[in-house]
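All chains, full assembly: derive it from the sequences and hints.
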Amino acid sequence: MSEDIAFWLSYLTNGKHLTWYASFQFTIFAAVAGGILAVVFGLIGATLKNSRYLPLRLIGTFYSSIVRGVPDVLFFLFFPLAFEQAVEWIWASQVCTPEMIAAQSAAWPPCKAANWILTTPEYLILASVSLGLVYGAFATNVIHGAMRSVPHGQLEAARAYGMSTGQVLWRVQIRQMWVYALPGLSNVWMLIIKATSLLSLLQIADIVLWADRLGAPNFLPAVGLVHDDWRWRYYLVLFVFYILVTLISEKGFNALMRRAGRGMLNEGHH
Amino acid sequence: MAQTAGAIVEKLPVVAIRDLHKSFGALEVLKGISFTAREGEVISLIGSSGSGKSTLLRCINMLEVPDKGVVAIDGEEIKLRGEAPRRHIGDENQIRRIRSELGMVFQSFNLWAHLTILENVMEAPLIVQKRARPEVEAEARAMLTKVGIGEKADSYPSQLSGGQQQRAAIARALCINPRVMLFDEPTSALDPELEVEVLRVIKILADEGRTMVLVTHDMEFARSVSDRVIFLHQGLIEEEGTPEEVFGATKSARLKQFLNAANHE
Numbered sequence: 001m002s003e004d005i006a007f008w009l010s011y012l013t014n015g016k017h018l019t020w021y022a023s024f025q026f027t028i029f030a031a032v033a034g035g036i037l038a039v040v041f042g043l044i045g046a047t048l049k050n051s052r053y054l055p056l057r058l059i060g061t062f063y064s065s066i067v068r069g070v071p072d073v074l075f076f077l078f079f080p081l082a083f084e085q086a087v088e089w090i091w092a093s094q095v096c097t098p099e100m101i102a103a104q105s106a107a108w109p110p111c112k113a114a115n116w117i118l119t120t121p122e123y124l125i126l127a128s129v130s131l132g133l134v135y136g137a138f139a140t141n142v143i144h145g146a147m148r149s150v151p152h153g154q155l156e157a158a159r160a161y162g163m164s165t166g167q168v169l170w171r172v173q174i175r176q177m178w179v180y181a182l183p184g185l186s187n188v189w190m191l192i193i194k195a196t197s198l199l200s201l202l203q204i205a206d207i208v209l210w211a212d213r214l215g216a217p218n219f220l221p222a223v224g225l226v227h228d229d230w231r232w233r234y235y236l237v238l239f240v241f242y243i244l245v246t247l248i249s250e251k252g253f254n255a256l257m258r259r260a261g262r263g264m265l266n267e268g269h270h
Numbered sequence: 001m002a003q004t005a006g007a008i009v010e011k012l013p014v015v016a017i018r019d020l021h022k023s024f025g026a027l028e029v030l031k032g033i034s035f036t037a038r039e040g041e042v043i044s045l046i047g048s049s050g051s052g053k054s055t056l057l058r059c060i061n062m063l064e065v066p067d068k069g070v071v072a073i074d075g076e077e078i079k080l081r082g083e084a085p086r087r088h089i090g091d092e093n094q095i096r097r098i099r100s101e102l103g104m105v106f107q108s109f110n111l112w113a114h115l116t117i118l119e120n121v122m123e124a125p126l127i128v129q130k131r132a133r134p135e136v137e138a139e140a141r142a143m144l145t146k147v148g149i150g151e152k153a154d155s156y157p158s159q160l161s162g163g164q165q166q167r168a169a170i171a172r173a174l175c176i177n178p179r180v181m182l183f184d185e186p187t188s189a190l191d192p193e194l195e196v197e198v199l200r201v202i203k204i205l206a207d208e209g210r211t212m213v214l215v216t217h218d219m220e221f222a223r224s225v226s227d228r229v230i231f232l233h234q235g236l237i238e239e240e241g242t243p244e245e246v247f248g249a250t251k252s253a254r255l256k257q258f259l260n261a262a263n264h265e
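Going line by line, the protein sequences match chains A and B. Each residue of the first sequence is one higher than the one before, starting from 1 at the first, in this note's numbering. Each residue of the second sequence is one higher than the one before, starting from 1 at the first, in this note's numbering.
No wet-lab data here; the hints were simulated from the structure. Using N, Cα and C, we set each Cβ at its ideal position, and we do this for glycine too. A portion of the hints provided could be inaccurate.
[Said to hold, decoys possible] Computed footprint of chain A on chain B, listed as stretches where at least three residues anywhere in the stretch have a Cβ under 8 Å from a Cβ of chain A:
1. 114-128
2. 156-168
[Unchecked claim] Derived SDA-like pairs (lysine to any residue); straight-line CA-CA distance at most 20 Å:
3. B:Lys79 <-> A:Arg159
4. B:Lys130 <-> A:Arg171
5. B:Lys79 <-> A:Thr165
6. B:Lys146 <-> B:Leu118
7. B:Lys79 <-> A:Ser164
8. B:Lys256 <-> B:Met219
Written out as structure tokens, the structure reads:
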């Protein structure tokens, strides 16, 4: 019995498992950063959609209706690659001499000096921005609707007291819209959390990739990882993780809702 | 409040309106209106619904931009640009500065729901007038006490009755130290028993010698509070004068008809 405990203790604390545990930080970082960016892009998109100027309105509408339709997996593959190559292209136009380009045998980048090597931190940031952009389009729709739910008279009062357009937007409309937006945003947040399981597409050794490796039969026998196909056990751990995140998120959103609803939700009168 | 007979100095026009026109689509709501409100004067705008009285009031602070005509506050003309129906504010900084001195009270209160009563009253002085917080807070509390809801400072608007909300809205208008107070049917959304408490506050302000322009459907109140009453009919001033003249010695047949109907409400 105690041998069993000793075995599992050493099995679950070997280096590869510790790396797996550490990789949870990537998932959590991508979710939080992606979530914050989605709200930021959502606020920008909704403001554009509400703009008095047609071109801005079109940009906002284009963003929210087109990007929502793009599959997140595709965008995940497209955006970081496109961004990387765009940076390299600009960089190459600055640093590459004709001789360097002639010496370059590979098709890309144009010269070796313009090669931008991405590692996990950069990929993680690009992944967060991708999440932010894709789910920001959903947030745009949610926030746009919420902003229109703010009673018109209160915006008018703000103008009547001399607030600028920006002050009306920031101090009244955005402060009040949360109570209408949060239910929708909590859905967007759940979608973002789910989408973090795609991190491994970007060479990030995330929780899914490690679960896959560690569960595979006889992955690294040299370090004691000898067993049958245990992937389902590892996947089960991920299920539990995602369920816990869901439960915590729900509690968090309830707290946010109480904060945003102060004075605005019926909470007993007179 | 009637001006004292001893006032020799001609008082300055705080609000001057000249030849105001406004249409909504094909409907011409204001057809050329001129009037002035002098320092300390209380003017009531009366008339049936659709006579343009609310639109006229909303033109004073440019919540509605008139198609034609001039509005001047303290002798300063509000700059407008373009031609109707695209006429618009000409100088954002000017209108913000002028608006920050016009205390508007709305029919539906329009308190900011996410702020407490105290925060509502402090918002414009802090954010627009950029005054110091301690000074503003002291004044805001004093104003809330003045309108009789000092103990509600930390409540939210949704926790107050309509009459209390409207009094809070009046405190909000007072706290900007307005040159003019604009009241847009301040009691129309209230039950009769709550109307009284709001009217009492407005009466106190009128007696203090504040300059006020008031849109109202309450003839009894217009009579007791005003220095001058303006009766609008179909976008034009049909009759104007002191309450005694307008209510006691009515000249216009339309006003007579209107007052009869109002009495029988």
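Do the hints match the structure? See the list:
Judged by the Cβ-Cβ criterion of 8 Å, the region 114-128 of chain B is covered by chain A as claimed, because 7 of its residues qualify and three suffice. Check on the region 156-168 of chain B: 6 of its residues sit with their Cβ under 8 Å from a Cβ of chain A, so the three-residue criterion for coverage holds. Proximity of B:Lys79 to A:Arg159 is assessed by CA-CA distance (about 17 Å); at most 20 Å being required, the pair is judged to hold. For the proposed pair B:Lys130 and A:Arg171, the alpha carbon gap of about 15 Å is at most 20 Å, so the pair holds.
Simply put, B:Lys79 and A:Thr165 have alpha-carbon atoms about 18 Å apart, close enough for the 20 Å limit, and the pair holds. Of the supplied pair hints, the one linking B:Lys146 and B:Leu118 holds, its CA atoms being roughly 13 Å apart against a limit of 20 Å. This hinted pair checks out: B:Lys79 and A:Ser164 have alpha carbons roughly 16 Å apart, not beyond 20 Å. For the suggested pair B:Lys256 and B:Met219, the alpha carbons sit about 12 Å apart, so the restraint of at most 20 Å is met.
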